[in-house]
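J.: Top to bottom, those sequences are chains X and Z.
With numbering that gives the first Met the number 0, the residue at position 163 of the first sequence is 162, and numbering never jumps.
With numbering that gives the first Met the number 0, the residue at position 110 of the second sequence is 109, and numbering never jumps.
Hints were generated in silico from the structure; no laboratory data involved.
Being a predicted model, the structure only gives us computed values, none of them experimental.
Treat the hints with caution; some may be incorrect.
Derived BS3-like pairs (lysine-lysine); straight-line CA-CA distance at most 25 Å [unchecked claim]:
(1) K117/X / K273/X
(2) K51/Z / K118/X
(3) K207/X / K11/Z
(4) K118/X / K207/X
(5) K117/X / K11/Z
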Amino acid sequence: MAELANIKKDDDPMPVFPINRGYIKRKKFYNGIAVFLAVMAFIIGAFPVFHIIYKAVALGHEYLNWRFISTLPTGFPIGAQGGILNAIIGDVYLVVIASIFAVPLGIGSGLYLSLFGKKRTNTFLRLLNELMIGIPSVVWGIVGFYVFSTNAGLGFHFGFSALAGGLTLGFIMTPIIALLTEQAINRIPSGYIEGALAMGATKWQATKSVIIKAALGGIFTGILLGIMNIIGQTAPLLFTNYYNTGMPTGITGPGGAVGDLAMLIFIYIHEPSKILHVKAEAASVVLLCFIFAIDLGLRLINYLTRKFL
Amino acid sequence: MFNLKYKDDLYKFILSIFVLSVISVFLIAVAVILFYSYPAIIRYGFSFLWVKEWNPPKEVFGALTFLAGTFMVTFLALLFAIPFSFGIGIFLQEYCPLFLRGIFTVIIEMLAGIPSVVFGVWGVLTIVPWLRESVEPFFDRHFSSIPFLKVEENIGYGILAASIVVAFMILPIISSITKDSLESVPKIAKDGALAMGATRLDVIKDVSLPYALNGIYGGIILGFGRAVGETIAVVLLIGNQAIVPKSLFSVGYTISAVLANTFTFAVISPIYASAEVELALILLAVSLIINIVGRNILNKVIGGRFNRSQFGGG
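Hey, can you work out the whole structure from these sequences and the hints?
T.: What follows is the structure, encoded as structure tokens:
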């Protein structure tokens with residue numbers, strides 16, 4: 000040890016193995032290029048998020064006031080004056096109807112999978128849910144048309160209405176809630192459920208007093224993700240609800256159609272009218288606000304569950 | 000005791016009704032599409048796939064034009080999206096400083112949350128003018144001799160505009176799955192390589208990527224599934240003309256765009272409606288196959304964990 004300590008730095012002792020400094024430099028250079036490319040990829044990928052928001056606010060800012068949100072569209076072409084109240088009310092209709100359909104179904108099947116399901120049933124049902132999530136929304140629209148809206152042949156004959164549109168959106172929402180409920184329940188430490196069952200609780204009592212409470216965060220995540228997904232959907236509504244510039248008079252049959260934000264944006268951007276394009280952008284801001292508010296809620300729930308459960 | 004046991008059986012019975020309803024939603028979807036496309040399948044057979052003409056009054060239906068458009072948009076979107084999502088996944092998982100990783104991941108997830116109609120509006124008001132005023136004149140001046148890059152009409156709408164926007168829409172899916180796959184690489188393998196003096200790039204190239212490659216393939220396959228079915232943004236951007244696209248800049252039509260534009264008129268005539276539903280059947284079949292393959296790969300690599308970037312607006 001003493002000899003080693005005596006060697007001075009500037010003596011430049013022979014290295015134990017030859018270090019090819021050029022090689023190391025080259026390696027570091029390549030690594031630097033990789034860092035640069037990765038950062039560029041991220042910047043280009045993140046660019047549309049900011050540019051979409053910027054563009055929408057920059058074009059639509061003059062309409063971003065309470066009047067726009069709280070009045071019905073009027074004028075010619077329809078929407079040139081007034082606001083988007085019909086679409087906001089319509090979205091409430093659609094989300095409520097879809098949730099009434101999808102929430103019990105999704106939570107129920109999630110509970111079944113984690114309480115009673117055998118391994119094979121679980122694998123099969125999970126695959127089924129994933130497949131349903133993968134089906135393009137325009138295909139769901141056609142299914143919804145033939146099941147709910149059509150006036151001829153089999154089906155419910157609801158016409159182009161909030162009920163038909165909402166239930167079609169419910170089809171889209173169900174697998175999302177089912178998957179996330181099952182995941183949330185599977186994340187509960189198994190001691191919780193087994194402890195309750197070992198104390199002589201029935202599965203229903205275990206569900207009521209343990210599972211629902213422990214999985215609440217995950218279940219809400221599923222519901223909010225489902226809502227976030229369906230308020231952006233346009234394609235299924237094209238064939239099941241379309242659009243209404245006024246207030247609905249019912250939820251089925253003639254007069255049962257409702258407005259919808261995504262649909263309103265789609266229709267306005269199709270019109271060859273500058274003012275409607277601007278209003279489409281203003282409505283996009285409102286839609287994005289809803290979506291990012293739900294997103295924020297999701298993250299809050301996630302944070303709280305992780306912290307307190 | 001009879002009481003308690005009875006209650007649990009009742010509970011199981013009620014829950015199994017819910018499960019059966021979920022299964023029946025899927026079965027109804029498949030059955031409706033098969034039932035209503037049956038007349039067209041019988042009448043046109045496989046010629047539906049390679050006949051070019053789509054003529055409702057003459058009742059001649061062939062999907063080749065739309066298949067070509069769908070294929071081109073999907074292929075180009077994947078071509079644009081794969082390198083970038085690859086880079087984003089690597090950046091987020093390997094290079095990004097830890098305190099920024101959370102917020103940067105949120106930004107990419109926000110991209111997944113933006114509805115496709117908003118993407119479409121952004122494309123119409125941003126991408127289309129940019130293509131029309133900068134990109135297309137440039138290509139017209141310098142590359143007009145190459146057939147694939149020929150600018151036929153300088154309007155901005157077309158295959159390229161649609162595929163750029165679709166590429167941004169599938170970016171979060173592929174990049175989040177790339178990130179998750181890279182995350183599943185055992186830390187000890189990476190640390191070992193780093194301790195041997197490897198640079199980060201060496202670790203990515205020789206340790207992480209070979210391990211994560213299957214997952215990345217799964218992500219690409221799921222991205223393909225999303226791109227094939229993408230409707231609203233494509234309707235707004237592709238130009239909606241039933242011609243087989245010959246160049247990057249030409250207009251076209253995709254299966255999903257045809258459905259969105261004409262299905263409500265088609266239901267007047269049974270055979271026309273049936274032909275349209277057969278288009279939907281193609282989309283359904285592709286999405287089912289793609290998802291079975293992609294999920295199988297992903298379940299092996301990242302254990303079926305569901306990333307929220309995989310649900311997007313439609």
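J.: Can you name, in rising order, the numbers of the hints this structure does not satisfy?
T.: 1 and 2
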